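Protein chains in written order, with our numbering: chain X, 2 to 486; chain Z, 942 to 1419; chain D, 56 to 150.
Rather than coming from a laboratory, the hints here were simulated on the basis of the structure.
Being a predicted model, the structure only gives us computed values, none of them experimental.
Take these hints with a grain of salt, some might be off.
Unchecked claim - Calculated cross-link-like contacts (lysine-lysine; reagent style DSBU-like; alpha-carbon spacing at most 35 Å):
#, chain 1, residue 1, chain 2, residue 2
1, D, K80, Z, K1022
2, X, K260, D, K95
3, X, K85, Z, K1073
Below are the chains, spelled out letter by letter.
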Amino acid sequence: MSESQFTISSLGKELQAQRTTAVAATRQCVERINNTDNQLNAFITRCDDSAFQDATAADARLSAGSAATLTGIPLGLKDIFSTKGVRTTCGSKILDNYVPVYDATVVERLRAQGAVIVGKLNMDEFAMGSSNETSAAGVCRNPWDKNHVPGGSSGGSAVAVAAGQVVAALGTDTGGSIRQPAAHCGVVGLKPTYGRVSRYGVIAFASSLDQVGPITRTVDDCALLLEAIAGYDPRDSTSVDCPVPDYQAHLRDGVTGKKIGLPREYFIEGLDPEVKRAVDDAIEVYRRLGAELVPVSLPHTDYSVACYYLIATAEASSNLARYDGVRFGVRHSSGGGLIDMYQQTRSAGFGAEVKRRIMLGTYALSSGYYDAYYLKAQKVRTLIRQDFHNVFEQVDLLLTPVAPTAAFKIGEKTDDPLQMYLSDIFTIPANLAGTCAMSLPCGFDAAGMPIGLQLIGKPFGEGEMLQTAWAFEQATDWHTRQPVL
Amino acid sequence: MNTRYETVIGLEVHVQLTTATKIFCGCSTAFGQAPNSQTCPVCLGLPGALPVLNREVVNAAIKAGLATNCRIAPYSIFARKNYFYPDLPKGYQISQFELPICEHGWLDIGGEEFAAKRVGITRIHMEEDAGKLLHGSSAGSLVDLNRACTPLLEVVSEPDMRSAAEAIAYLKQLHQIVVYLGVCDGNMEEGSFRCDANVSVRPVGQVELGTRAELKNLNSFRFIKQAIDFEVERQIELIEDGGKVIQETRLFDPDAGVTRSMRGKEQAHDYRYFPDPDLLPLEVSDVWIDEVRAALPELPGQKRQRYEEALGLPAYDAAVLAAERPVAEYFDALVVLHKNPKLCSNWVMGEVLGAVKENDVAIVDCPVTPTLLAGILKRIEDNTISGKMAKTVFTTIWQSGKSADEVIAEKGLKQVSDSGALDAIIDEVIAANPTEVAEYQGGKDKLMGFFVGQVMKASKGKANPGLVNQLLKERLSA
Amino acid sequence: MKISEQDVAYVAGLARLSLTPEELKTMTGKMDAMLGYVDKLNELDTDAIVPTAHAVPMANAFRGDQVIPSSGSAAALANAPQGTDGCFQVPRVIE
């Protein structure tokens, strides 16, 4: 592993042993960004100055012997996290000039550990997209082939980690927005169980689906970063008050005897043969490691995209009402009345995809259509949750592909939103069910693009899921490959 | 009033709660601070901020529900009411829509102008208030969000009222209850107790309701009466002239005493209510309800009933004493110490309320505490002092804080009820006024007053007037 | 068609978005396609199904009634497009 490809655990050891410094590690990241980001466009806002201040403070803490796991580790944040004093755009023109006055809870936790915040990472506008093409900051490019999308919506986070610009990053996942870009960029991404990580200060897309999670180079790092951000937050009513386990404790326990379900609905026509081959190989690895592979069924899978797009857009239509040009953000007004100001501000500030989703969601909640669309979708959500509940009576976790194909080419699907939505079919159900799921590298297609493997765990079963992922990572070397830049 | 029409009124009351903090954030609810000084990411609706429910607001809602005979829902949820307005930071108001916390309540009202009746309460729900929009200059309107996110209860009545008088009686009772409960300060001018009235008319005998107008900006009981009376007349005239009432919101103009249509100034409402995913369902257990019920104060209706039935007070006294909780509590403390309810009532309604009003102090700060007043009443009843002297004692205690017995002793106010001592004075008076004695004995009974006066004067006001009267009669008829 | 241009214009009004005639046409087509797709939910009989509002069933998250210092008017107005006298300024609202 090259120097640029430090992990949290490897860099942590170097720092603790004082063989390197946080300032040096930060400088290395900043140089890497300087050299690569003109090709990749992973960063929306860089904070070099404050990063070096963070690093200097971290070095003092390291010398004093009071360091925590993340002290001195250079990290990146998806531009969806509220960061005090650092511009936060959420990939939108409407927040182009917005500088928050407060830190999100997860940002507070990272700062409390002494992490170095290197910058704010590219993303689809308001996290609405699967390719990072809807960002007001421009498309972010896949480091494995710059003509391909990195996936989305946490595209910048996955790219920055894959390209060695940061050691690890945080993203958010509403319908696959951590797992899918992680898969497309050949890194590890985890969406925790709903309520495991605080959403306070995370700009909302769909409140009942959004979760914050880590994007890292290794499963080990994923466990470390999750442990740092997880836990109850009294400022988020939906955060769950249950203790955060020591994920490291059982990480190396292996998978012997573990029952892994293979849901038949995830191995369908339309699944790219190369993706299928890579996932089949992964199944063989688990079999060899002593796991028991069990065919199972999640019968309502086929309804999840329709269900998701009604619930997510309805919630989004309401969540995005606050962007009205009154208290923050960019106002457009040509001297007309209040309603003109609202309409001009919102029409100029939001991109096409965001407008489409606001429109669909508004319609689904509007008078006369609520029962037929929104309420119907909430009921189907119950059926989808029940599928998972039933299947977890039979198996410990599920193994599936992350996406039907590897990363597609930039511009390939922008004209057909529905096709783009359908590419999220394997990641959406875990959000609807509220359970945890993760993506880890399991191969490459003939064009050299990474392929991801998805594990879906029981609610609050992050520990068992990480343990299962770690066993695979030990048995393979996909995670050690790096894109050439 | 045209007797061929019946008026139908339903009321929606917004009760601003007296919690220390807002409903979904920790900002203070104190009134009258610098604009936007009492705000935070949550009540400003900043991106990423999330609401957390103030438990005390739920307690207040349960109290109000129990006091208005509602069923407290074991399961209720918060919903978002979506609309754009500059005083609404998030673009939606967090309220309750389906499944509110209280339903199916009622209040009994009675009055001089109408027969006693029961008014149904459809529901009580919790919600956040909006900020304030100040219509400053021609350049634009200004937004102050200090009030945004302060807690409200919305109390929705059934359309059970048939006149402005009934509506006022209902509102006054509801006002009294929420103030009694301590959940609202009741200040209508500051907007702590706000009312919208849904008013319609229909020909007598018609079952279906007429089309209603929603009246707003009714910030005093007087305005509510004026607005309803005006609106009823307007609707009847309109119908009589062959017109049709349209469903609309009308603003009351207190200067002109009329309601005016807000037509064209608001869009059609399509609030797109849906359960707020940021807030969890609210589950209220029987244990919780019982805890709140156990801590409820005795309510004004219950007090009135007790004063009349158990203490034998006249209905008028009971109503005056029960109207305000601090007065009732003063009276309750007094009547425990001095077990003559009518005497207590007379003194509280007379001297006490008069003096606190004159001196502009709250009754809880009245220097003549129930204990001190009981000391006075005791000395009236055992004839130590006259009622008139007692008033002097009251004033002295107000200033000094001393006990009645101390004041009586210091001032030598003790009434002379000893017939031996009075006999001597009477002798002197008789001896000094032989002409009047002769006239009295000759049949001029009216002179009795003169003799009593002379004796009182000679005793410096300390003689027991009843006893003087009796002794004089005996002596002069001899 | 699941949805008309007139419906779309009404929804745009609710959402405070203005659409050019061309955008309205495109939007109607895209929304119609989505609504056609989500129609597949009607294959499922959900009459007896309880809707899910929260993925993790929980209830009763509260805070105590304790004052937390406010962030103040300077912070409130820090990002305001237009502010006057400690207030947010908006185009004149007529009442």
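- request: May I ask which of the numbered hints given earlier this structure violates, with the numbers listed in increasing order?
  value: Checked against the structure, no hint fails, so every one of them is satisfied.
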